[in-house]
Every structure is written in C-alpha cells, then in structure tokens.
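Visitor: Guided by the hints, dock chain B onto chain A, whose structure is given.
There are 2 protein chains.
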Amino acid sequence: MNVLDVKEEVALHAMVEDFFRSTFSTDNPIVTEAVKRMLAAGGKRLRPRLTLLAVAAAGADPSRQLHLAAYMELIHVATLIHDDVVDRADTRRGVNATAVDYGNRVSVLAGDYLFAWIFKNVTAGYPAPIPHVLSATLADICDGEVLQLRALGNLDLTLEGYVEIARKKTASLFAASARCGAIAGGATPAEIAALAAFGEAFGIAFQMRDDLLDMTSDRDTVGKPVGNDLTERKVTIPVIEALRAGNSALRARLDRFYRDGDAAVAAIAAEIVQHGGLTATHAAIARYTERARAALEPIRGGPAKEALAAFADALLSA
Amino acid sequence: MNVLDVKEEVALHAMVEDFFRSTFSTDNPIVTEAVKRMLAAGGKRLRPRLTLLAVAAAGADPSRQLHLAAYMELIHVATLIHDDVVDRADTRRGVNATAVDYGNRVSVLAGDYLFAWIFKNVTAGYPAPIPHVLSATLADICDGEVLQLRALGNLDLTLEGYVEIARKKTASLFAASARCGAIAGGATPAEIAALAAFGEAFGIAFQMRDDLLDMTSDRDTVGKPVGNDLTERKVTIPVIEALRAGNSALRARLDRFYRDGDAAVAAIAAEIVQHGGLTATHAAIARYTERARAALEPIRGGPAKEALAAFADALLSA
Chain A
1 MNVLDVKEEV ALHAMVEDFF RSTFSTDNPI VTEAVKRMLA AGGKRLRPRL TLLAVAAAGA
61 DPSRQLHLAA YMELIHVATL IHDDVVDRAD TRRGVNATAV DYGNRVSVLA GDYLFAWIFK
121 NVTAGYPAPI PHVLSATLAD ICDGEVLQLR ALGNLDLTLE GYVEIARKKT ASLFAASARC
181 GAIAGGATPA EIAALAAFGE AFGIAFQMRD DLLDMTSDRD TVGKPVGNDL TERKVTIPVI
241 EALRAGNSAL RARLDRFYRD GDAAVAAIAA EIVQHGGLTA THAAIARYTE RARAALEPIR
301 GGPAKEALAA FADALLSA
Chain B
1 MNVLDVKEEV ALHAMVEDFF RSTFSTDNPI VTEAVKRMLA AGGKRLRPRL TLLAVAAAGA
61 DPSRQLHLAA YMELIHVATL IHDDVVDRAD TRRGVNATAV DYGNRVSVLA GDYLFAWIFK
121 NVTAGYPAPI PHVLSATLAD ICDGEVLQLR ALGNLDLTLE GYVEIARKKT ASLFAASARC
181 GAIAGGATPA EIAALAAFGE AFGIAFQMRD DLLDMTSDRD TVGKPVGNDL TERKVTIPVI
241 EALRAGNSAL RARLDRFYRD GDAAVAAIAA EIVQHGGLTA THAAIARYTE RARAALEPIR
301 GGPAKEALAA FADALLSA
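For the protein sequence lines, the chains are A and B, in the order given. The working numbering applies: residue 1 is where the first sequence begins, and numbers increase by one. The working numbering applies: residue 1 is where the second sequence begins, and numbers increase by one.
Keep in mind that the hints are not guaranteed to be accurate.
For chains that are exact copies, the list does not tell them apart, and a pair is met inside one copy or across any two.
[Said to hold, decoys possible] Straight-line C-alpha distance at most 20 angstroms; calculated SDA-like pairs for lysine to any residue:
| hint | residue 1 | residue 2 |
| --- | --- | --- |
| 1 | 7 | 103 |
| 2 | 234 | 105 |
| 3 | 36 | 20 |
| 4 | 36 | 210 |
| 5 | 234 | 103 |
| 6 | 7 | 306 |
| 7 | 44 | 309 |
| 8 | 44 | 249 |
| 9 | 234 | 286 |
| 10 | 44 | 315 |
| 11 | 305 | 22 |
Note that these hints are calculated values from the structure, not bench results. Remember, predicted model here, so these are calculated numbers, not experimental data.
Here chain A stands alone, though its shape is the one from the complex (with noise of 0.2 angstroms):
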C-alpha cells in the first residue's frame, strides 16, 4: 500500500505550514516567538517534507508524523539562529543578522533552547534509533560548519574537501529526514538505507545548487546579496570549478580578494562564470541529482516514490 496520492503532496505541506502557524509552542516565549519569525521568513520546509515522504514511501500514514517531521525544520530552523550569531569582526563588515535584534546572548540561548525542546520531545515520544539519529545528525551539522570555518579562503580546497563539509553540514539532516521518517514508517532495513541515501545525495546537490544561486541571484530571489559566500570567504563549488579549469591568474586574484577584499564581488563573480565555474556545478548537481534518483531503486513504485523523485528533478531547474 502506498497511502500518499500526487496531490497529498500538497496537502501535506499545507499541514506542515499549519502546523507552525497553530499548533506549535514552546514553554519559553520568547524562543517561541524567535522561531516564528525564522518561520515566516520564509523556506520550503525540504526537510519534514522529506520525513513525510519517506513515511509514505514506507506504505504508512504520513499525517501522523507530522511532529516528528517538524522537528526536522525546528532542528534546521535553530541552526540559523544560531548562525546569526556575529562576531565583533562580523559587525564591523556590516553583517546583519536576528542578533542585531535580539542580541547575540539571547541568540545562543533560543538556538540551545530549541535543540534541548526537541530532544525533550524525541527522547519521550520516538522509539531507538530516533533519538540517537538526530543528537548524531547535529553532531554530524557542527563538525561540518567547523571544517567549514578552517576552509575558509583555502584555495586548496578539493572538490572531495567540499563534498565532505556539505554532506556533514546540509546533507546529513536530509538523510536524517528521510531516515527518521522510514524509521517511524515501519520501512524494511532495505528501504530504510535507500531513503537515508536519497536524502544524502539530495542534500549534497541542495546545498551545490546554493551555492550556484549564490552567484547568479539576486538580493530579492534569495533574501541575502548576491555573491555572500565570497564576501564571507567561502570556498563554495563554483570556486573550486572555476579554478581547477582557470589559469594562475584566477588564483592570484582570488587569492587577493579573500584576503584584502579589494574587489567588487560582482566582478569576481563574472570571472568565475567565465572560467566555467557554473557550467561545471550544474554537471555536478546533475550528478549527485542521479545519485538520488538511482538510490531510489529499491523503494516500491508509487506516488511516494515519484513526489521524491520529483523533489531530486526541481533542483536540475536552476
């Protein structure tokens, strides 16, 4: 039985939104209110989709999951609170981020708040291996944003050192999405590998396709201005791309701008367009878009299995 029809996609999504509109609240009210404003700012909510998915793709009810996928987009959701945390060095560049607001002291604490909420909840609600996934996930997401860190403004990064902060920092809560919803789906061992590798692969093209928007949008498309990553040094795909096909002088000027900041963003990114830095990240989201796909197999045929398909397919649509 596969209970999740084409449409349901919809609705299920419509219930998720509904869900952080009435439903949800926490004892603290200020960490309640900080997470609706994250909210309303806007998101696709991926991840409790993938959960929900993933329950379907299982053969179960996914509407009776709809807490443990929320959890999925609370975890998400405090990460960016906690990433709008600045450093003195940040505020200097201009950064502006819900810190500004709230202070970077309450940040902290409606980000911990949040996270301890959630165990709280999983750990009294969700069977082994549940609440040991997702504490491993936000291990997986921390150590990710730390190699991050060490990596920024190395020109040296590989495209194997940038799989791997991506697959810890983006794709590893995907997994866990789609995993934790095959879990409480009742899936086989079989199928529950397969959904937690879709989501990986899903998560590491995601996060790809991100940084390809990051070049190529604009400030309205993505809600942050174009070219943010470099300005914060980071060594993104179409960096990487660009200069393994590029010439030293690429490097040498990259190489400047990481460190002195003395050109405009936008002409760095042109020249990184023009070495064929996005032509390279698209052949790249195409690949692990297939990989997604291809892990799919042994999920039974079905809506699920097509509405996940679909959500691996948007994201060739840059």
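Guide: Coordinates of chain B only, in the frame set by chain A:
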C-alpha cells in the same frame, strides 16, 4: 550494601580528573581542545561527584559510571562555552572571555557540538529515562538563563522569582546529576526521588553561595572581578535581601547604578553588606542546606549518605 568507603570519594574525584585528562576526546579536535582548556581552568567537578555518590548511595559500584558522571560535567562545560559568547555591548564594556580567542562563531559551534556529542553518546549507551532527563534539564537551564536575562536590573524581583531562576539555571543540573546516578545505580523510585530532591536543594544553596562569593571574594579566589554580578546587573539574593531590609535611598542608589553604572561597584557591594544582605543570604543557604540534608532521609545509612551530607555542609563554610 554500600560500596563507597569515605576515602573513596577522594579516589573517585581523582578518577573523574583522570578520565578528562587521558580518556576524554571527541572527533572534533577544536572542540576537544576548547573543553580541555575549560576543564584545566579549574572547578571542583561537583556534578560528576554527585552522580557517583548517588550511584554509591544506591548500592552500586560508582567506578562503572564514570562516563555518565563525566557527561554531567560536560553539559556544564558546554553551557560555560556558550556563556562566553559576547554581545557588542559587552565588548564595549571590556568583558573578556574564551570567545575573544576563538571568536563567537567557534564558541557557539563548539558548545553545540559538545551538546550533540553528549546526547549522541547518552542515547547510544543509556536506557530511558536518562536521555530524556538530560535533554529536559538542558531546556530548564536555558529557560532559567532567559528568565535571568529578562530580570536584569529588575529591583522588584522577589525571592521566589530568584529561587525559580536558580532552580532552573543551576539546580536542575545538580538534580539531574543525582537523579541519573541513582537511576544508573538501580535505586528504588523513593531513593531516586530523594536523591533528585537533594540535588535540587543543594543546587539552590550552591547558587546562593556563588552570589555571596561575588560580593566578598577577590579576583584570585573566584577567578572573576568582585561585584561581577552587579556589573552585569544581575539581581542576586544579597541584593534582594538588602532591599528587603533597606530603605528607599538604597533602592534609588541601586536603581541608578543598574541604569547608569554611576558608582564604584565595591561601594555598592559595601552598602549591600551594610544593609544585611550577606547575613540574610547565609541564613537562606542554611535553610536550603538543611532541606538537602532532610531530603536524604529515605537513603540507607552509610558512607555515601555521609559524604552527600558533608557536600551540603561544605556550602555553609563560605
């Protein structure tokens, strides 16, 4: 059977230190380094010692629960790492912290990673309800810290309001340390409740003593400047008690100090002492220490019970 010998408490403390020095390690070298630095800075390891005494009070072998005990200290360390995150305002007031060396971003990530690492280990190695007790405790700690932030400079904070904050931000972890030790040691429900109640009363008295030391000790003894709580506009129990006994002039003076920082902190501390703030705080500590001792009533007599009572009594000698 009560396996703890009186001298063994010293040996257990040494085992905790040894565990941190030689065995403790996470997969993230930056986090391991930050934790070891924080542990090397001092501390009496009261939380893990409480866990091990609770194990012994239940009649089990405490040396088999060293890891569980260590997690209690590490939760404390993770909150300290996050306490070091500074606001812009703080940097203007010249506050110094670990975050100065590592940066706010790294402090946030290191604390997050440590929380996640602890929960990952606890969910893998300990049965219900231990993982739930620990995540609920972390929620309490954050909730208490948010309440404390909201109460900064509020001269209308009552003793009840103060105790509620202390119970959440400080005593909850002492209570959880004792509770989890009791559970892991196979204590009866009555013993578990008694040891948790001991931890809570002990923790409240501990916080009151900490407040008192802030008024009386010098930088060398407590590792931070005298009157640090006053500078941070915390309304601690000596302040509440002095206001209760004091006159409207004291209230106006404190109000001005919290608003404008217009007086030397040592002069303000002296006024609080003069209005009986310390005497009344000593009395409150004695009340909660007595409550902690009374909570031990259901525990079978023996060296572990005696060691716990001695722990409580040690808070009286400030």
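Visitor: Next, verify each hint and record whether it holds.
Guide: Right, here's what the structure says about each hint:
no.: 1; hint: 7 to 103; verdict: neither (42 angstroms within a copy, 48 angstroms between copies)
no.: 2; hint: 234 to 105; verdict: between (25 angstroms within a copy, 15 angstroms between copies)
no.: 3; hint: 36 to 20; verdict: within (8 angstroms within a copy, 40 angstroms between copies)
no.: 4; hint: 36 to 210; verdict: neither (23 angstroms within a copy, 36 angstroms between copies)
no.: 5; hint: 234 to 103; verdict: between (25 angstroms within a copy, 17 angstroms between copies)
no.: 6; hint: 7 to 306; verdict: within (12 angstroms within a copy, 67 angstroms between copies)
no.: 7; hint: 44 to 309; verdict: within (17 angstroms within a copy, 55 angstroms between copies)
no.: 8; hint: 44 to 249; verdict: neither (40 angstroms within a copy, 57 angstroms between copies)
no.: 9; hint: 234 to 286; verdict: neither (22 angstroms within a copy, 56 angstroms between copies)
no.: 10; hint: 44 to 315; verdict: within (13 angstroms within a copy, 53 angstroms between copies)
no.: 11; hint: 305 to 22; verdict: neither (30 angstroms within a copy, 49 angstroms between copies)
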